[in-house]
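Peer 1: Letter 425 of the sequence shown, counting from 1, is numbered 425 in full-length UniProt numbering, and no numbers are missing.
Hints listed in this document are in silico derivations from the structure and should not be mistaken for laboratory results.
Quick reminder that beta carbons are idealized off the backbone N, C-alpha and C, glycines included.
Take these hints with a grain of salt, some might be off.
[To be verified] Per label pair, the in silico range of CB-to-CB distance:
#	residue 1	residue 2	range
1	E207	N68	20 to 28 Å
2	P233	Q272	20 to 28 Å
3	G291	Q422	35 to 43 Å
4	E367	Q23	57 to 65 Å
5	T260	L231	30 to 38 Å
6	K138	E374	38 to 46 Å
7	T335	T260	33 to 41 Å
8	N68	G221	58 to 66 Å
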Amino acid sequence: MSSVGNIFQQNNPYEKYVQQLVQLESQTKMKLQAEQSDHRERKDALGDVSSKLSTFNSKLTELQDPDNQSFSPLKTSSSNEGVVNVHSADGIERPSTYNIDIDRLATRDTALSSVMQGDGFDLAAEGDGEITLTIGDKTETLAVAAQREDEDGNMVDKTNREILESFADQVSVHFGEEAQANVFSVNNEEVQFSIQSLMTGNENRLEFSDAGGALAAVADGTAAMDGMTHLVPQDELDARFTIDGVTFERSENVVDDAITGLTFELMRPSEQAEQMTVQRDTDKARSNVDGFISAFNDMNKTIRDKTFVDAEGDKRGELQNMRSIRNLTLNLRQTGLLPMDGAEEGQLSRLSEMGIGFDNDGTMRVEDSALLNEMLETRPGEVTEFFTSEESPIAQMKEQTEAYTRARTGIIASMKDGIDQQISRLDDRIAAQERYLEQYEERQRDEFNRLQQIITEGQDQFNQVMGFQQQLGMF
């Protein structure tokens with residue numbers, strides 16, 4: 001027979017009711033968590049805006065750096081890059097053309113011994129050798145032995161090849177970064193010693209002195225053999241070239257001190273005068289302006305995306321309620337329309353005068369590309385003044401954005417601090433709610449346990465009555 005207690009005893013259903021009651025009571029906690037999530041999204045959105053503002057500021061700093069010549073950059077060219085190659089004109093301030101004639105290139109000093117029999121003993125006959133070698137500001141004394149110990153332990157004369165190889169080894173040990181030496185097999189029988197400076201020019205020439213023994217025979221020669229000869233006369237090791245009638249000599253082929261600010265490389269002697277040209281790089285200047293516009297538009301779009309309101313779709317950007325952020329794009333556009341204070345009559349004073357304007361949504365765009373290119377080509381100094389003057393609207397735009405991005409005192413930093421405080425307070429309230437819900441859950445469980453106890457006791461009493469009645473024969 002079914003009883004009232006059976007309803008509560010099937011699968012202990014009271015625990016499910018406890019959890020349902022706790023879930024209903026958790027609405028306050030969930031609202032606090034949702035509010036906290038909104039604050040975190042706002043903080044992240046502020047971080048995105050701050051990043052775009054910082055990028056815009058960095059672009060302005062780059063454009064305003066006088067060393068970058070952002071609006072009057074120069075490019076270089078050569079009439080014949082096989083003769084002269086222009087590397088840079090970083091120190092040149094205005095377009096220029098230079099005529100250059102190259103008489104000779106800077107070369108490495110190379111010295112060769114006479115050709116001799118590889119297995120001969122001419123050098124050993126002169127005894128142990130030594131020689132002093134100077135390259136640039138480095139001087140060392142090199143020494144070689146004329147004899148060696150054979151496999152039987154006897155001292156025997158070295159061959160010419162062996163002495164020259166010992167000489168080459170000494171050069172490698174003492175002048176590894178300044179020179180290289182080799183012993184070449186001219187044919188099956190003859191060898192020749194070669195030493196070459198690793199740096200060009202007369203100042204890095206090979207200077208031999210105080211030679212003795214076998215090395216004196218190599219350097220100075222003997223009655224039977226000639227001494228070392230230089231492939232290029234040492235007074236012709238320097239490059240020699242003429243620029244606009246002025247003759248120069250340099251120890252290297254890369255030249256950066258003949259014309260202030262211009263670096264070029266001599267490639268080979270010229271057959272006729274060639275030209276090195278420095279001219280305006282309008283394409284690069286235009287790219288710099290386009291980069292400025294792009295950085296501004298990225299910043300503007302990010303702010304608008306974070307502050308939009310779609311009443312019909314009931315959608316809002318994370319920062320829609322932050323008026324100071326929402327109004328920034330409007331303020332920047334209004335600033336960009338202002339003239340530069342103190343500009344003289346006829347001087348560039350507005351962005352619009354160089355073909356740049358704004359759409360209604362704050363997007364900056366080039367309205368007259370031809371005008372902008374003309375300004376960059378013919379009046380780069382005025383464009384530079386407009387972007388760098390403290391009185392220009394560009395400087396004001398930079399001040400406005402920097403007020404938002406300063407690390408500790410900026411507007412965005414203050415906003416983030418306020419949000420962090422709100423998140424912290426919500427953390428405390430959520431923790432308090434969690435403690436309350438734990439206590440609430442325990443109370444509800446106790447109530448159901450008491451109910452279960454009452455039901456159990458009622459069932460026991462019911463069973464006793466039914467048993468008594470059965471004993472009396474009532475059923």
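Peer 1: Hint compliance check: list the failing hint numbers for this structure, sorted ascending.
Peer 2: Numbers 1, 6, in rising order.
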